[in-house]
Amino acid sequence: QQQVRQSPQSLTVWEGETAILNCSYEDSTFNYFPWYQQFPGEGPALLISISSVSDKKEDGRFTIFFNKREKKLSLHITDSQPGDSATYFCAASGNSGTYQRFGTGTKLQVVP
Amino acid sequence: EAAVTQSPRNKVTVTGGNVTLSCRQTNSHNYMYWYRQDTGHGLRLIHYSYGAGNLQIGDVPDGYKATRTTQEDFFLLLELASPSQTSLYFCASSGGTEVFFGKGTRLTVV
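Protein chains in written order, with this note's numbering: chain A, 990 to 1101; chain B, 331 to 440.
Pulled out of the complex, with its shape left as it was, chain A reads as follows:
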């Protein structure tokens, strides 16, 4: 079964708006949550990540909000740009040696 879930499946925002991508997980042993960005014809690439000891991680226009109690996190992209149009994957993993499990992805389109 899908251990990492994402919503919405697709999202369209206007340039300059804030895009909010959601993620939830099942396994309470997960403690590391990376977000990957994938452009057409490319493999996913790490965008930003957070560990379970933090509730917020910011990197420029990208911010992760993490709620451990509800097993939910979200990626906020402020001042969205057309170049942000891509598919975003939330992933999760536990202790060292375990592999990352990926969500189903959110396809983001930023309209100029």
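No wet-lab data here; the hints were simulated from the structure.
Mixed in with the good hints there might be a few duds.
Okay, derived cross-link-like pairs now, DSS-like style, lysine-lysine, Cα gap no bigger than 27 Å in a straight line [as the list claims (entries may be wrong)]:
id, chain 1, residue 1, chain 2, residue 2
1, A, LYS1057, A, LYS1046
2, A, LYS1045, A, LYS1096
3, B, LYS433, B, LYS341
4, A, LYS1096, B, LYS341
5, A, LYS1045, A, LYS1061
6, B, LYS433, A, LYS1096
Remember, it's a predicted structure, so these values are computed and weren't measured experimentally.
Knowing the structure of chain A, use the given hints to seat chain B on it.
Same frame as chain A, now just chain B:
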């Protein structure tokens, strides 16, 4: 920058055919992975390895074999390809928390 190279980039085979997908990483990473990407399912792990000669089963291993011949090289084998294995396949490597992906191999089984 970490480099993961996959070959071929595109492959068409017939049902029942044999296919080998190749992956080489030049990052000196211990871990290597094979994922498949399908719409509605995201990325699903087929097999992974933490060193030459080692193989671990992922979440969707049925119909696939893998072999890690060296630290750098990881192969995915489909011995009796089926249309359900039509997908975009990614190889990846990691030495810590970040996973580095190749550009993918698009496989079509007709």
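- [ ] Verify the proposed pairing of LYS1096 (chain A) with LYS341 (chain B), using a straight-line Cα cut of 27 Å.
- [x] holds, 26 Å
TODO: Decide if the proposed pair is consistent with the structure: LYS433 (chain B) and LYS1096 (chain A), CA atoms, cutoff 27 Å inclusive.
DONE: holds, 18 Å
Open item on the list: For a C-alpha distance cap of 27 Å, please report whether LYS1045 (chain A) and LYS1061 (chain A) respect it.
Closed with: holds, 12 Å
- [ ] Assess, step by step, whether the Cα of LYS1057 (chain A) is no farther than 27 Å from the Cα of LYS1046 (chain A), and give holds or violated.
- [x] holds, 14 Å
- [ ] Please work out if LYS1045 (chain A) and LYS1096 (chain A) have their alpha carbons no farther apart than 27 Å.
- [x] With Cα atoms ~23 Å apart, LYS1045 (chain A) and LYS1096 (chain A) stay inside 27 Å; holds.
Task: Agreement of LYS433 (chain B) and LYS341 (chain B) with the hint, judged by alpha carbon distance not exceeding 27 Å - done: Judged against 27 Å, a Cα distance of about 14 Å means the pair holds.
In summary, this structure violates none of the numbered hints.
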